[in-house]
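Position chain A relative to chain V; hints supplied.
Listed here are the chains, written in short residue letters.
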Amino acid sequence: GQQLNQSPQSMFIQEGEDVSMNCTSSSIFNTWLWYKQDPGEGPVLLIALYKAGELTSNGRLTAQFGITRKDSFLNISASIPSDVGIYFCAGLTSGTYKYIFGTGTRLKVLA
Amino acid sequence: DTEVTQTPKHLVMGMTNKKSLKCEQHMGHRAMYWYKQKAKKPPELMFVYSYEKLSINESVPSRFSPECPNSSLLNLHLHALQPEDSALYLCASSGAGINNSPLHFGNGTRLTVT
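Protein sequences, first through last, are from chains V and A.
Residue 85 in the working numbering sits at position 85 of the first sequence, with consecutive numbering throughout.
Each number in the working numbering comes from the position in the second sequence (counting from 1) with 1000 added on.
Bound-form chain V, shown alone (with noise of 0.2 Å):
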């Protein structure tokens, strides 16, 4: 099925390091979802954005709603060893139910 962009694909960084990775899409869409999974369950939801141009934080994440509509971002602060895990965004077009996920990013912490 179809799929977003998202980059990096994976990433080694330094604990007390900030991290960012952005989706990409050729489509337009009216919501973008950031997830996170740990190995052995399922997505858990980060946040949500809705508007263009919005920015919502959810402790030491940040993620915004590009300005094209077309691309998202997403940024951890401070990272810590339980940051370890896959990133997931995810988009929805409105008026469907079909919300394309990205390839994700795994990202390792190095203590």
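Honestly, I wouldn't trust all of these hints.
Taking lysine-lysine and the DSS-like style, the derived pairs with C-alpha atoms no more than 27 Å apart in a straight line are [unchecked claim]: (1) A:Lys1053 <-> A:Lys1040; (2) V:Lys70 <-> A:Lys1053; (3) A:Lys1038 <-> A:Lys1009; (4) A:Lys1053 <-> A:Lys1019; (5) V:Lys70 <-> V:Lys98; (6) V:Lys108 <-> A:Lys1053; (7) V:Lys108 <-> A:Lys1018; (8) V:Lys70 <-> A:Lys1041; (9) V:Lys98 <-> A:Lys1038; (10) A:Lys1019 <-> V:Lys70; (11) A:Lys1053 <-> A:Lys1009; (12) A:Lys1019 <-> A:Lys1041; (13) A:Lys1018 <-> A:Lys1053; (14) V:Lys51 <-> V:Lys98; (15) A:Lys1038 <-> A:Lys1019; (16) V:Lys98 <-> A:Lys1041; (17) V:Lys98 <-> A:Lys1022; (18) A:Lys1041 <-> A:Lys1022; (19) A:Lys1040 <-> V:Lys98; (20) V:Lys98 <-> A:Lys1053; (21) A:Lys1053 <-> A:Lys1022; (22) V:Lys108 <-> A:Lys1041.
Short derived list, chain V residues pointing at chain A, Cβ under 7 Å [stated by the list, open to error]: (23) Pro8; (24) Phe12; (25) Leu33; (26) Glu41; (27) Gly42; (28) Leu45; (29) Ala48; (30) Gly85; (31) Phe88; (32) Tyr99; (33) Phe101.
Hints were generated in silico from the structure; no laboratory data involved.
We put the CB at the ideal spot given by N, CA and C, even for glycine.
Chain A in isolation, oriented as in the chain V frame:
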């Protein structure tokens, strides 16, 4: 703890078996989803139910048969599966009003077909 509950957590079945995956949510959501996820890949949509009616079938083989008995329950009946069907099967729910209704996932059923 997740508000979408899936059972069983793990399932091993032979290619001639019939089994069912179950999902329950009590968030008042009227849209429920089945996703399939292979290792290191994003979830892939299989089915969507909206107001207990099948809304989307992503050309899923008939050996997978979904059922939505009521607004809180979603089942996936499995029959004559193939080893390549081994994966994590995720249930999710959302508000049926499309906007302002993010997906909430369960923890999945890890299915192994032998």
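Of the numbered hints stated previously, which ones are contradicted by the structure, given in increasing order? Of the numbered hints, 1, 2, 6, 7, 10, 23, 24 and 30 do not hold.
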